[in-house]
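Residue numbers (my numbering), protein chains in the order written: chain A, 1 to 414; chain B, 1001 to 1414; chain C, 2001 to 2376; chain D, 3001 to 3376.
No lab work stands behind these hints, which were simulated from the structure alone. If you're wondering where the values come from, they're calculated on a predicted model, not measured in any experiment. C-beta atoms are modelled at their ideal positions from N, C-alpha and C, and glycine is treated no differently. Wrong hints could be hidden among the right ones.
Reference excerpt, derived from the structure (chain A facing chain D, CB under 7 Å, subset only) [what the hints assert, rightly or not]:
| hint | residue |
| --- | --- |
| 1 | Pro-272 |
| 2 | Ala-276 |
| 3 | Asp-287 |
| 4 | Arg-291 |
| 5 | Glu-296 |
| 6 | Ala-299 |
| 7 | Val-302 |
| 8 | Arg-310 |
| 9 | Gln-313 |
| 10 | Glu-316 |
| 11 | Ile-327 |
| 12 | Arg-385 |
| 13 | Ile-388 |
| 14 | Leu-393 |
| 15 | Met-395 |
No farther apart than 20 Å at their CA atoms in a straight line, the calculated lysine to aspartate or glutamate pairs in the DMTMM-like style are these [what the hints assert, rightly or not]:
| hint | chain 1 | residue 1 | chain 2 | residue 2 |
| --- | --- | --- | --- | --- |
| 16 | B | Lys-1411 | D | Glu-3130 |
| 17 | C | Lys-2375 | B | Glu-1398 |
| 18 | A | Lys-355 | C | Asp-2164 |
| 19 | B | Lys-1355 | D | Asp-3109 |
| 20 | D | Lys-3326 | B | Asp-1287 |
| 21 | D | Lys-3326 | B | Glu-1398 |
| 22 | A | Lys-355 | C | Asp-2149 |
| 23 | A | Lys-355 | C | Asp-2304 |
| 24 | D | Lys-3375 | A | Asp-274 |
| 25 | A | Lys-411 | B | Glu-1398 |
| 26 | B | Lys-1355 | D | Glu-3037 |
| 27 | B | Lys-1411 | A | Glu-398 |
| 28 | C | Lys-2326 | A | Glu-398 |
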Amino acid sequence: MTVTDVIEDVEAFRLRARAWLADNMPKLDPDAVPPAPGDDDEEWVKTRELQKKLYAGGFAGICFPKEYGGLGLSPAHQEAFSQESEPYQMPLLLNVPTFSICAPTILDMGSEQQKRDRISAAIRGDEILVQFLSEPSGGSDLAGLITRAEKDGDTWVINGAKTWSTCAYAADWALCLARTDSDAPKHRGLTMFLIPTKAEGIDMRRITQVNGSTEFCEEFFDNVVVPADAVVGEVNDGWAVASRQLFHERTAVGGGSPYVSGRGTGRLSTPPSDLAEIARAFGRNEDEAVRELVGESRAQHVVQDQLIRRVSQGIESGVMPGPAASIMRLFHAETQWMLDDHAITIAGSGGVTGKDNQSLAAQLSVNYLMRQGSSLGGGSTEMSRNIISERLLGMPREYAADRDVPFREVKRGR
Amino acid sequence: MTVTDVIEDVEAFRLRARAWLADNMPKLDPDAVPPAPGDDDEEWVKTRELQKKLYAGGFAGICFPKEYGGLGLSPAHQEAFSQESEPYQMPLLLNVPTFSICAPTILDMGSEQQKRDRISAAIRGDEILVQFLSEPSGGSDLAGLITRAEKDGDTWVINGAKTWSTCAYAADWALCLARTDSDAPKHRGLTMFLIPTKAEGIDMRRITQVNGSTEFCEEFFDNVVVPADAVVGEVNDGWAVASRQLFHERTAVGGGSPYVSGRGTGRLSTPPSDLAEIARAFGRNEDEAVRELVGESRAQHVVQDQLIRRVSQGIESGVMPGPAASIMRLFHAETQWMLDDHAITIAGSGGVTGKDNQSLAAQLSVNYLMRQGSSLGGGSTEMSRNIISERLLGMPREYAADRDVPFREVKRGR
Amino acid sequence: MDLALTPDQKTFASTTRSFLDKNNPVGTVRDLPDAPEAFDRTWWGKGAELGWTAMLVPEELGGGSVSGEGVRDLAIIAEEHGRVVAPGALLPVSIVLAGLVEAARDGSDHTSEIEGLVAGELLATWAVYEPGAGWAPGAPATTARAEGDTFVLDGIKDRVEMGDQADLFLVTASTPEGVTQFLVPSDAPGVTVTPEWTLDLSRRFAEVRFEGVNVLASAVVGQVGEATPLIERQLQVALVLQVAEICGGLEQVFAFTTQWAFDRYSFGRPLASYQALKHRFADMKMWIEACQATSGEAARAVQDRSDDAAELVSVAKSYVASYAVKIIQDCVQMHGGLGVTWEHDLHLYLRRATVDRALYGTPEDHRRRIADFMKL
Amino acid sequence: MDLALTPDQKTFASTTRSFLDKNNPVGTVRDLPDAPEAFDRTWWGKGAELGWTAMLVPEELGGGSVSGEGVRDLAIIAEEHGRVVAPGALLPVSIVLAGLVEAARDGSDHTSEIEGLVAGELLATWAVYEPGAGWAPGAPATTARAEGDTFVLDGIKDRVEMGDQADLFLVTASTPEGVTQFLVPSDAPGVTVTPEWTLDLSRRFAEVRFEGVNVLASAVVGQVGEATPLIERQLQVALVLQVAEICGGLEQVFAFTTQWAFDRYSFGRPLASYQALKHRFADMKMWIEACQATSGEAARAVQDRSDDAAELVSVAKSYVASYAVKIIQDCVQMHGGLGVTWEHDLHLYLRRATVDRALYGTPEDHRRRIADFMKL
């Protein structure tokens, strides 16, 4: 061990970071509102610049290994840096998925070359990574995907389509899961590829949601050629890579990733409706029926927080199995349903027209259009109920017609 | 054709009935409340007497064939008689199941001897008929029954148990479905028997429901011996008989049976809660939240009537298939749920205690204990949803593990 | 659809459907917000030629219905409109015609306005809601003050459908004699129309200010101070059309969602094979039949002017509007992520159902109204 | 069950459970209505020996808790009671003790009553509801009028739990100085107790009339006119016990219903294999975990006298009581016809949950109270 390998003490690191941040990073504007997802093109340019600054200052990739461009420090160092960085502008948009999902997956499962190339480029602020997983025909059944990669000499040729790729419009590289063996059962014929998002043959377009958000993209692959070394992990063992990726995604969503730097994702989600505000704005706060609805919704929110604490502690202490997390996911959806339903009930006849599209009525009624968003994103509530009944209560598994049969024999719809 | 076979004109029959009724049948006491099911032992005695009167007067079994003790007249005659009988006490308790379900099934499927013996005895007022169909292990799966009848020389020996037999405590004979071939698939190994309810080896007890009703019975069979001629229809073809029975039951419930005489079943069901009355009684009728609940429930009731009209007409005119009747069944349950839920909400803190067990609070809260009654009796709401999705919407049938396999190989729980 | 239509009504329904399918395929709704107007007057004139504006109007006033039951015929048109989320003036013009025809027996002569509306040449709408207030047509803050042979109107109305295109406003206002309705030209001095935002892409609403607007006494609809029965009639017609339109949309949404459940596979099985989903489809089927049942009977009751018409429209509105949004939301869920995209038609129906839910009394308002009818 | 119990608390819970399982198996509840009394005092005395009455009482007054957190310990006892629908005086005695201990700092000395209650020798209950009125402890129609050194009480209370067995009534009454509470012996002249019917088989309620009942000034609990904080504390303790008891019942009902779904076959498959039922079980599991979460946090907040304790008990009551009856009813449905028989235990739980739902504020009352806290 050489002298340079002595790890800097967390507090020393913190002080050094504090000084550096003050000298180098722009202060946060307290009034600045992050742009809505999809309306953030300029923000991405700025993000790359901020990451380059961090890298130049020696504060990028704190928990990533040195050999791939990181600092090789501990989560405690990262936490100290995040604390210190709070008053400053930070490249938060890189936290998810680049640093917390894609880079750790490459770190776990990628080739030496992939780690050296992609992770270090991300840490330098040169590249942004995303995921090409879901497919238009897929829904809850990720492993049933049909985008195929066929071997052609030394290269692979990819055809098919992906969808719901968060922020793919801003990215350089993507982890793309494709089917490479249709004779194997569904999970066993998949391979993960690391491909440039601007490769020839990829046609990307942004998906507009009913609330106007365009953060998601869909991609169509028409004979996209990638080299053999684009494979991440082993050929036909892509499910192992995807599983790792899903693990990192859950960790990131749960707030437990050591690879994020600074607080948050840098994205503004639509603000939820505030029922008390709505009741007052529409002059209904004296109506006892309305007061019941506001009180009920408040109770639901409080119970949600309490439930999250109980289940998180339960899982952490081992009293509850991991799949108990689905309880929180399902409850979150219930809370949203109640909120959106009560919002339109309370707003009543005033809730569907307004001065303009920034009016309270516009906000709450557009939220109502997105009511199911919270029961679809991150696994549908139907999947959560399957998980709770099967994996917590031990009830028989739902019959899967595609289990243990060659994928090409599996029936498919549209 | 002899002279006696000339059928009497309906209006002549009506006039003759009118005169006879006035001379012979006791008038209804307008204040008399029918006893609750199960508390009606005396009522059954009176019922037999009334039926004997009708028989003696030549007005019993109006639509049943003459050779089995009836009058062989048309439904129009029966309808005229029912209209005329309204001011009088009538043996209404015999309408269901004796005359509208059991006797027509024997008429359709029984042997000549069974028709001569049982139908005529019922018409004479000597015997009451009931059904032994459901089993403790059965639930929605009637054809999965396990009570078995084994051939022993010239006789059959029955072992097993039946339950939910309406008014069996008052009856003499029962149509009892039992398994006679466990090597056949479930529907194909059943046989219907006509057995005396007081046969040796039958232990009958009354089931008490949470609202105190004891109208249902359960029966345990311990080596009950019945002769070969107790079989109704063919051995191992009992499902055909049961299907006929179910058809007559549906017809009776729908009010379309020509075999009932007089209006109604002679039974008092628990009166449903009246939300407006509850709101007033508990001083909550000025509360806007309560007014919404009362109005919502009123709307639900009105819509139920409207839906029944629509679906009945739809089925009648052939625009809707027969299974559309399940829509009415399911909606009825929804209406009951709302009524019972709103009742306890409106009654609030006063709804669970009262002066005595006749108080409004007692009625509404005991009704609440029976809330699921309407979603269980006459086929569960779960079965209705299966029928609507599979037979109206054409969705794939639920996997039945007992389809087309020998019954003895079917897995059974408790 | 009502199961008891006459052959004439069925033919009429299918003519209306073909016209709308050809001219207003549902997908075009997305482009309407960017169009100069929500709909084209020439197109509306063609609708009028098909009879859309004639149903409530007696023959002597230039109208006439298909079956002799104008309200029910109109409900058929509304249902077809709902099926494709059609734009147009059906609801506002029908409401105003209902009021004018009702008032034609006594009061000023509005024959020429009626004829213009029936011909599709004039557009009229009801200015009844007021800023910050719910459904309370009986207590307008807008006032009309007699001044010699004229009245002077002052007040603000909002949620005025088609306020940007209307030629005439039917204004509900307070007078010392009681609530009174006036027919006010949109170009009268003192009238200011300001567009509002709305959730429905196919309709437009506006705030309309009346500042010292002077109208002749002949602008009064019916008698001064006696607008209450007119308002009730207008409301009943509005509700019949709303619930019919919602039913049309529901049938369409349910049909394509059911088809989706058959076509879409997950884990090698169609969605339609999953019992948890099948049971939800069964519930939806039941609710939609119930919606159709109550809509049909509301139309019949208003047609027949039954004693219980006022209650039955409230029953229908309270039931249909509640279940419609619930059903459409569950259909969104059945579609997965696709269901919340701009590209999918679902939101077009959801927008309209949500707006219909809110206007002319919410389900909650109508439940309270039913409790009033029950003398609770 | 709270996931964060100390080993001592776990041991205590299991001792309580063994005692109740042995002495009060759930099936025996059916016989209670025919028994002379809802429970036997000797049995209650044994409960007191186990510490059921000591948890809220400081050591200097003869009490003492298991963990130093008396409210949470008491919630454990309540949960175990709920598991077997136990009869007894837990709720009424705990409420009265909460008030007496709270008032012990100032006001008259009620040490001997406290000691008697802790020893299980005395039984006391809160007389707070009044005929025809909902939960409104702050505005009693019952009055107390000062007369020399005494007070004269007049009024009628109902829904008085254990009114037939209580030795003492904690009476909430109006005085010119404000709401005041009095400890009144049940044998005082002018006190009349009339049994009421109730849905819960394991509990009894009574109407209690106070007609010119004369009590000494020392009967006042705390200070005259200053009962409001005492009432709030009593309510909070009542709610913590109610929700804990409901949770105990829910866990039991859910456990035997889940087992039933595994054991019961239909069409050759266990009920537990039907997706439509599985999804309902999943919902129930989620709701029960949420009930446990909010019950636990309510107990902690009341224990800690947190600023948000008043809100958190209302949150817990409004959530738990709503979902409890919903869950138990769905468990009835899962059992088929058996679920509505007298023979099955389900209705014993449903009865208790329905009564708990109604008393000390319904879910609807508590939602309105939450809105008040939000200053809506």
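CA of B:Lys-1411 to CA of A:Glu-398, is that 20 Å or under? Satisfied, since the Cα-Cα distance of roughly 18 Å is no more than 20 Å.
Is the Cα-Cα distance between C:Lys-2375 and B:Glu-1398 20 Å or less? 48 Å, violated
Would you check the hint for A:Lys-355 and C:Asp-2149, treating anything up to 20 Å between C-alpha atoms as holding? With Cα atoms ~36 Å apart, A:Lys-355 and C:Asp-2149 exceed 20 Å; violated.
Is the interface hint for A:Arg-291 satisfied, with its Cβ closer than 7 Å to some Cβ of chain D? Result: holds, 4 Å to nearest chain D Cβ.
Given hint A:Ala-276 near chain D, where the shortest CB pair must fall under 7 Å: 5 Å, holds
Hint validation: A:Ala-299 versus chain D, beta carbon distance must be below 7 Å. Holds or violated? 4 Å, holds
Does A:Lys-411 pair with B:Glu-1398 here, judged by a C-alpha cut-off of 20 Å? 18 Å, holds
Restraint status (C-alpha distance of D:Lys-3375 to A:Asp-274 at most 20 Å): 14 Å, holds
Could you grab the alpha-carbon distance between A:Lys-355 and C:Asp-2164 and see if it respects the 20 Å cut-off? Measuring from Cα to Cα gives roughly 14 Å; hence the hint holds.
Holds or violated: D:Lys-3326 and B:Glu-1398, Cα atoms, limit 20 Å. 27 Å, violated
Chain D contact restraint on A:Leu-393 - CB to CB distance below 7 Å: At about 6 Å, which falls below the 7 Å cut-off, the nearest Cβ of chain D leaves the hint on A:Leu-393 intact, so it holds.
Is the interface hint for A:Ile-327 satisfied, with its Cβ closer than 7 Å to some Cβ of chain D? Constraint on A:Ile-327 satisfied, holds at 5 Å.
Checked against the numbered hints above, the structure violates hints 1, 3, 10, 16, 17, 19, 20, 21, 22, 23, 28; every other hint is satisfied.
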